[in-house]
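**Q** Given the coordinates of chain A, assemble chain B onto it according to the supplied hints.
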Amino acid sequence: MADILVVVEHQEGVFKKNTLSVVTAAKALAGLTGGEVDALVLGDGAAAVADVAAGTGVRKVLLGEGAAFAKYLAATTAVAVAQVVKAGEYGAVFASASTFGKDFMPRMSGLLDAPLASDIVGLEKDGDALRVKRPMYAGNAIGTVEMVGAPLLFTVRQTAFDAAAMGGAAAPVEKVAVTAEAGGTAFVSMQETKSERPELTEARVIVSAGRGIKAQENFKLVEELADQLNAAIGASRASVDAGWAPNDWQVGQTGKIVAPELYIALGISGAIQHLAGMKDSKVIVAINKDEEAPIFQVADYGLVADLFKAVPELIAELKKLKSA
Amino acid sequence: MKILVPIKPVPNPDEKVKIKGDGSGIVLDNIKMVVNPFCEIAVEEALRIREKLTGEVVIVTVGPKETEQQVRTSLAMGADRAVLVEAGTDLDSLAVAKVLAKVVADEKAEIVLMGKQSVDDDNNQVGQILAAVLGWPQATFASKIEFSADNKKANVTREVDGGLETIEVSLPAVVTVDLRLNEPRYASLPGIMKAKKKEMKVVPLASLGVDTAPRVKVLSYAAPKLRAGGGRVADVAELVSKLKNEAKVL
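So the sequences go chain by chain: A and B.
With the first letter of the first sequence counted as 1, position 205 gets the number 205 in our numbering; the numbers rise by one all the way through.
Take any residue in the second sequence, note its place counting from 1, add 1000, and you have its number in our numbering.
With the rest of the complex left out, here is chain A (with noise of 0.2 Å):
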C-alpha cells in the first residue's frame, strides 16, 4: 500500500511525547497494509523538534516551515498536511487523538472527502480488509469500523498505543514547501496553565478529586499527596464546572483520557463521562465517603472514608515508607 504520514504535535518548538504512540499505530497499520511510515512536522523554528521525531524509527521526517505556521491553527494545518498528502501520494494520515489532532483531522477529512477513524485502540484486517476499532458511547462500546475512500485518516488513542522509543538511529529530514492561508483565523493568545508535576497524559501516578474535596483551596491537600508520589493532578468534571481546577485537568470521556499505572479517584463519584477517561488505569484505588459510590465498581482498593481524614494520613504513612 502507499505509505503512511505521521502529523508530529509539538508546543511552540517542543516535541510532544503523545506523537509516540500515533507512531506506534501508524506502524501497526504499515504492519497489516504494508507502506513506510514517515513524519510531518509544521512549524517556524522547529527544526529541533525535526531532530526528536527523526529518532523514533520513522522512514524520513519532512519538515514544513514558514511563518504561517509559528502558531498552530486548524486552517493552515489542515491545508499544508492535505499538500503534502497529495505530493507524497500518502495513503493514510494518524495524528494523535489530542486537541491538537481532534481540531485538524476533521477539518483534512472535509477538505479531501476522506474518512476519519476518531481516537482509535486497534487495527486488524479481517480477510484483506482493513478493521478499526473506535470507542463509543463514551466507552461502553467498541465499534468496529469500516472505512471507505483515500486517504485514510486516524486520530490515535494515546492509551491504547505504547510509545515508541525514542533517540534511535536519525531518519533523515527533508525540507518541504509548504503553503498555507490562515483564512480568517489568527491566534490571539494562549493561557497556560503551568505546572511543575508530570503532563496528565504521561504521569505514572495520578491524583484526582471530584465535587467531594468541596473548594479550591482543599486542593491544597490533592497537591501535597500528589508531591509524595511524584503525581499528575487530575480532577473530575464537577471540580471543573466549580471553577477550583483548570480546564485540562479534567479526565473523562471530553477530557483527557489516562491510564496510569496508579489512579488516586479522591471524593469522585464515578459517573459514567469520568469513568470513560480513567478505567484502564493499571491500579485504581478510591477514597470517598458515600460507600454506593459507582467509582467503586471500577476500584481495586476501595477506601470508604472522609477524604479530609483519610488523605492526611496516607501523606503520613508514604512519608514513614519514604524514610524507612
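Derived by calculation from the structure, the hints in this document are not laboratory data.
Please note: incorrect hints may appear among the correct ones.
Said to hold, decoys possible - Below 20 Å or equal to it, Euclidean Cα-Cα: the simulated DMTMM-like pairs (lysine to aspartate or glutamate) are: (1) Lys-1217(B) to Glu-313(A); (2) Lys-1242(B) to Glu-313(A); (3) Lys-319(A) to Asp-1235(B).
**A** Frame of chain A; chain B shown alone:
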C-alpha cells in the same frame, strides 16, 4: 445575527448503554432519547447572543421524523424555528456535514454554533468538516465567545490541552462548544406551549442532492473488557500495605 444550531438526539447519557446480543447495535428500547448535552450548550449560547444582538436562532437536525421531539425541546428553550432534514440514522459525519452545509447556504446563516461532539458516537468531527466544506473559519471547543463591535469577527477562547487558547475568527464561522461555555436553561412551561406552534420545516434528504454514501461504517459493536473492581480496604494502613506489597505500585 442569524444563528444556525445543528442538534442531535442521543440516548440518555446518564444511563449505561447495552449492546444487542448479535452486536448489531445498541439496545434503545426503554431508553429516553435526549438532546445531546453539548448541543444544548450551543442552543443556550445562541439564545444569549440573540438576546444581546437580536436576530434569529434556527435549529437544524438530520434524522428520522421522531427527532421532532428533541427539536421541540430546543424550540421550547427559545429558538425561533427549525429545519428537519428527514433521513435515516446511518449517516456518517461527512454526510451529515454536507447536508448541513446545504442548509447553512439556504438559510444564509452568519454563524453556526454546535456541540463539539455527540456523546453517542463520540466522533468530534461534524463541526470541523462543515467548516471545511463551507470554506469557513472554525473555532472548536469554545469556552467563551465575544463579538467585535461591528459583529464581523469573534474572539473565541478554546479549551485545549495545556490551557486556554484564544483565536480570532472572521464571520461567518463554525464554532463548536465545550462544557464551560454556559449552563443551559430549562424550558419554561409557556416555552413548551409555544414550541408546539413554532415552524418546523421538513426537508426530504433526497431533495438536497447530497452524496451521503458512508465513508465510515460501524459494522458491529462489542462490550469493552470489564474491569474486576469492587475491592475494599478497611483503612489507610491496609491501603498502603496492599499498594506496596500486592499491587507493587509504591
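**Q** For the pair we were handed, Lys-1217(B) and Glu-313(A), check the Cα-Cα distance against 20 Å.
**A** Violated, at roughly 52 Å.
**Q** Holds or violated: Lys-319(A) and Asp-1235(B), Cα atoms, limit 20 Å.
**A** holds, 17 Å
**Q** Take a quick look at whether Lys-1242(B) and Glu-313(A) sit within 20 Å of each other, Cα to Cα.
**A** holds, 15 Å
The structure is inconsistent with hint 1 alone, although it conforms to all the rest.
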